[in-house]
Amino acid sequence: MIDESEKIWLILQTVSDPEVPVLTILDLGIVRDVSVSNDEVLVTITPTYTGCPAMDMISMNIRLALMEHGYKKVKIIPVLSPVWTTDWMSEAGKAKLQQYGIAPPMGNAGSIPADGIECPQCHSTHTKLLSEFGSTACKALYQCQDCREPFDYFKCH
Amino acid sequence: MIIGSANTQLPNTIIPEIMNQLVFYTLHLADCTLILSQRNGEWCGHGPILEQDIAITNITLDLLGQSRNFYQYAATLIGGGATEDSLAYFRTEREFKNCLLVELANGDWGQTVLRQFFFSAYQFLLYEKLQHSKDEQLAAIAAKALKEVTYHLRWSSEWVIRLGDGTAESHARMQAALEALWPYTGELFLPADYEQHCAADGTGVDPAVIKTAWESKVEEVLAEAGLAAATKDVPPVYMHTGGKQGTHTEAMGYILTELQYLQRTYPGNEW
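First to last, the sequence lines map onto chains A and W.
Once you know that position 150 of the first sequence is 790 in the working numbering, the rest is easy, because the numbers rise by one and skip nothing.
Once you know that position 182 of the second sequence is 183 in the working numbering, the rest is easy, because the numbers rise by one and skip nothing.
Incorrect hints may appear among the rest.
[What the hints assert, rightly or not] Below, computed lysine to aspartate or glutamate pairings styled on EDC-like, alpha-carbon distance capped at 16 Å:
#, chain 1, residue 1, chain 2, residue 2
1, A, K736, A, E772
2, A, K734, A, E772
3, W, K148, A, E758
4, W, K130, W, E52
5, W, K148, W, E129
6, A, K713, A, D679
7, A, K768, W, E271
8, W, K148, A, D792
9, W, K135, W, E52
[Unchecked claim] Derived DEER-like restraints, expressed as beta-carbon distance ranges:
#, chain 1, residue 1, chain 2, residue 2, range
10, W, A173, A, P790, 46 to 56 Å
11, A, I717, W, N270, 48 to 58 Å
12, A, K647, W, V210, 34 to 44 Å
13, W, V210, A, G710, 39 to 49 Å
14, A, T725, W, E259, 29 to 39 Å
15, W, E221, A, T725, 47 to 57 Å
16, W, L191, A, T725, 42 to 52 Å
17, A, Q738, W, G227, 39 to 49 Å
18, A, I717, W, G81, 41 to 51 Å
19, A, S699, W, G81, 42 to 52 Å
20, W, G48, A, K768, 12 to 22 Å
21, W, C45, A, E646, 41 to 51 Å
Simulated from the structure, these hints should not be mistaken for laboratory data.
Heads up, the beta-carbon is just placed ideally off N, CA and C, and yes, glycines get one too.
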């Protein structure tokens, strides 16, 4: 017999990130807390980046997923503190990113290595930073010097 | 911002009597980031190369996110149905408390990155202190944003150096940008009443205390860029002020005209 909040965690495991659909919101580590009181489900989430436009959509997707499972009253509580970091991303999540073609975060938050990020295609570390800002706020753009493929790197944050 | 969320309030939701210093301070922080994001957003699709177009719009998005956090918080302090949208779309020019630097026209790419550098260096030092605010929400917003601002500061510093120390043309343009923007940097460090008040009660930061650190960061980057260190200008140039108190330059009305047009014309309209 699993309790109500455990069931909800299992449902949340099915909600994916709209920008990086291979990752679930649990892989990303943005769900802080789940609780149930008087038929109302409270889900506490935290944004990855302040201006992440996916947050509104993630909130909506959480709501939809829970409603599909019969939870009518859902409250999403956004919190900023403590600050989300890429350390909260699960190891499974990092492996999925790599397979998807995005180099997972490595090293210390805020650092952006000029080279040495492993190419998700050919696994060479002979790579070079092209731009600190990539296709979304959370990524930087690199190019592999061996297979020549450009690739996204999920920035340490 | 979600335009016209269900309880978007029309003008007059903001009653001056209920405003306190913390609200003014929070609105000041919100307005600075909103107006700079609106300015930088003009580069979307017009950046010099694709990667840099993406970089400046990424920075824009971070700034917009910061402004949303501040407006949402201000709305909860104000109450009475105020929302992030009502605060952004239905206040008048005189109610905006952003510094003048952020509202100035973009100019060329050099001027845009120099302005970003001045502002990011300021923001970095400000948020470093604000993350220890006694006000938990301001502290949380600052701590969150600080990581993003670290990227903005590094990116903009690199551009100032690249262009200042680039060709004769890029150097001359950066020098001109420096002369155009410098007179708007003094205002950053002249505290408004609400900044002094919030610094005194531990919720805010007196910008005067970060002035020296800002000047040394700016001098360091300008020196590497081979640009005249304006911080040592003799005699000092006249510094424009007034934005924090709501007295803006001519540029501000044009920004608000574009920013607020839709909600002013079709109040409460939704996507």
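Please list, smallest to largest, the hint numbers that this structure does not respect. 1, 2, 3, 4, 7, 8, 9, 10, 11, 12, 13, 15, 16, 18, 19
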